[in-house]
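As given, the protein sequences belong to chains A and B, one line each in that order.
Take any residue in the first sequence, note its place counting from 1, add 3, and you have its number in this note's numbering.
Take any residue in the second sequence, note its place counting from 1, add 86, and you have its number in this note's numbering.
What the hints contain is simulated information worked out from the structure, not anything from laboratory work.
Worth double-checking, as some hints may not be accurate.
To be verified - Incomplete in silico selection of chain A near chain B, CB under 7 Å:
id	residue
1	44
2	48
3	75
4	77
5	103
Beta carbons: idealized from backbone N, C-alpha and C, even for Gly.
Listed here are the chains, written in short residue letters.
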Amino acid sequence: MVRIVYVDDAGSRQDVDVAPGLTLMAAAVNNGVVAIEGECGGAMACATCHLYVPEAWRAVTGDPSPDEREMLECANDGDERSRLGCQIVVTERMDGITVFTPLSQR
Amino acid sequence: MASGNVTETYYNHHDPEVAQDPYAIFAEVRGRCPLGHSPALGGFYFPTTFDGVKRVFSDYNHFTSTGGTGLPDQVIRLLPIDLDPPRHTRWRRILNKFFTVEAAEADRGRIQRIVDGLIDQFIARGAADLVGELTRPMLALTTLPIIGVPTEDRLMLSEKLLWMVHNRMLDHEGWLRRYGEMSDYLTSLVARRRTEPPKDDLVRCLIEQEFEGRQLDDFEGYQVLMLTLFGALDSTASAMSGSLYHLAQKPADKDRLLSGETPWEGAIEEFLRITSPIQALKRTVAVPTEIDGALLEPGDVVLAVNGAGNRDPAKFPQPDKCVIDRDARDHLAFGSGAHVCIGRHFARVMMRCCLETMLRRAPDFVVPGDFTPDYTPSEARALKTLPVTFSPGAPLGA
Numbered sequence: 004m005v006r007i008v009y010v011d012d013a014g015s016r017q018d019v020d021v022a023p024g025l026t027l028m029a030a031a032v033n034n035g036v037v038a039i040e041g042e043c044g045g046a047m048a049c050a051t052c053h054l055y056v057p058e059a060w061r062a063v064t065g066d067p068s069p070d071e072r073e074m075l076e077c078a079n080d081g082d083e084r085s086r087l088g089c090q091i092v093v094t095e096r097m098d099g100i101t102v103f104t105p106l107s108q109r
Numbered sequence: 087m088a089s090g091n092v093t094e095t096y097y098n099h100h101d102p103e104v105a106q107d108p109y110a111i112f113a114e115v116r117g118r119c120p121l122g123h124s125p126a127l128g129g130f131y132f133p134t135t136f137d138g139v140k141r142v143f144s145d146y147n148h149f150t151s152t153g154g155t156g157l158p159d160q161v162i163r164l165l166p167i168d169l170d171p172p173r174h175t176r177w178r179r180i181l182n183k184f185f186t187v188e189a190a191e192a193d194r195g196r197i198q199r200i201v202d203g204l205i206d207q208f209i210a211r212g213a214a215d216l217v218g219e220l221t222r223p224m225l226a227l228t229t230l231p232i233i234g235v236p237t238e239d240r241l242m243l244s245e246k247l248l249w250m251v252h253n254r255m256l257d258h259e260g261w262l263r264r265y266g267e268m269s270d271y272l273t274s275l276v277a278r279r280r281t282e283p284p285k286d287d288l289v290r291c292l293i294e295q296e297f298e299g300r301q302l303d304d305f306e307g308y309q310v311l312m313l314t315l316f317g318a319l320d321s322t323a324s325a326m327s328g329s330l331y332h333l334a335q336k337p338a339d340k341d342r343l344l345s346g347e348t349p350w351e352g353a354i355e356e357f358l359r360i361t362s363p364i365q366a367l368k369r370t371v372a373v374p375t376e377i378d379g380a381l382l383e384p385g386d387v388v389l390a391v392n393g394a395g396n397r398d399p400a401k402f403p404q405p406d407k408c409v410i411d412r413d414a415r416d417h418l419a420f421g422s423g424a425h426v427c428i429g430r431h432f433a434r435v436m437m438r439c440c441l442e443t444m445l446r447r448a449p450d451f452v453v454p455g456d457f458t459p460d461y462t463p464s465e466a467r468a469l470k471t472l473p474v475t476f477s478p479g480a481p482l483g484a
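Chain A extracted, bound-state conformation (with noise of 0.2 Å):
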């Protein structure tokens, strides 16, 4: 299992445990963390599962397409840190891996 960290916009943390393959946005959503919505289902067609991955962990969730750039568009308070967490896919590699939720999707 992988140990993901999700902090949201007032400071709260919820630790979640996952199984390697699934996106950062399933493992919130089945996990209740209520700061990620992924209204589409994981499409990259409503960005209500942006989210802010530290630059520390940039080199291993990689950056995002032209594609996820331009929905990240949409979302609401993006800067250079915003991913969408449909697009990103757990790995073993983001073992205790933070990442930062907005103060909301909509």
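On the provided structure of chain A, position chain B as indicated by the hints.
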């Protein structure tokens, strides 16, 4: 044309005979090569597996909505359903604010009063048509104020919209005439509202918000409202009628829900799966792509059949049985992907209010032994009537 494995067969969602049991066709195709092709309506492909249907709904790069989502085409482009992400996403995020889970929950008291008021009208009689007297009026009375359409126009709108959904292949002239009437009605409604005091509803949102950096004109408002009304006057009523029909035949399931043995939340997902009120929506192949072993070419028409995906035994064992305690949460009744039903949170609240209240107030309702269900054809499959009898009760408002 596709190359590769395809099962050639006749399927046409507008055919009144097919509408009675489309599931037999899907099962037959699924058992051969799971991608079907029908010569009807100009020819189209239709996956019959859960994974195939879900992919067509999700993969907008290969299966675009910009060629329209009705088969055959609607008279006008409906917004924003006929757009792909990311354009669609920008529209949808504005409209979503009206249809959140919180908004639906906050409306539960009003919805409950609507259900009780309608049941009051027939409870003393001991008999009712639950489609005509409960599920359809309940849906319209719930949704029209949210949209901002006067409820006094409910009967006129229901008649026109339901006719347009279900009869467009049978009377083309009548269909075009009603489209013209709806165009006049909705564009004037938007125009009138621009000068009236604001009310908190969807029409206000369409007038005041900017979509893709600009405000909508009256016609674009009509394009959104037309789509919203198609969704707001039929599909949830179909889900509720179909659920009530199941419960009328399965007293044991009534007891399990009333006692709390089976949670409502799970049962509602199963009712949605088994009824699949929206049966099928169109996509157009944008770039060559393989699906279920066949290569499709740009311009090929694909029908994403919610009802077929929801009856895939590999996903839902014994798919034709309504099993109210199974985990059906992955169903495709609301579609999937970018265009997942915007009204789904309201639909769930309405279903719970309607079903639970009927079970509480008329728990012994049954359908007559000689009743033969008759379903509407089209993208939307619904029971036309649901006659029931029950022990008479007293109106709450008396």
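Right, here's what the structure says about each hint:
Hint on residue 44 of chain A holds. Least Cβ distance to chain B is approximately 5 Å, under the 7 Å limit. The criterion of a C-beta within 7 Å of any C-beta in chain B is met by residue 48 of chain A, whose closest approach is roughly 3 Å, and the hint holds. Given the 7 Å rule on beta carbons, the hint for residue 75 of chain A is violated: about 9 Å separates it from the nearest Cβ of chain B. Against a cut-off of 7 Å between C-beta atoms, the interface hint on residue 77 of chain A holds, since the closest Cβ of chain B lies about 5 Å away.
The beta carbon of residue 103 of chain A comes no nearer than 21 Å to any beta carbon in chain B, farther than 7 Å, and the hint placing it at the interface is violated.
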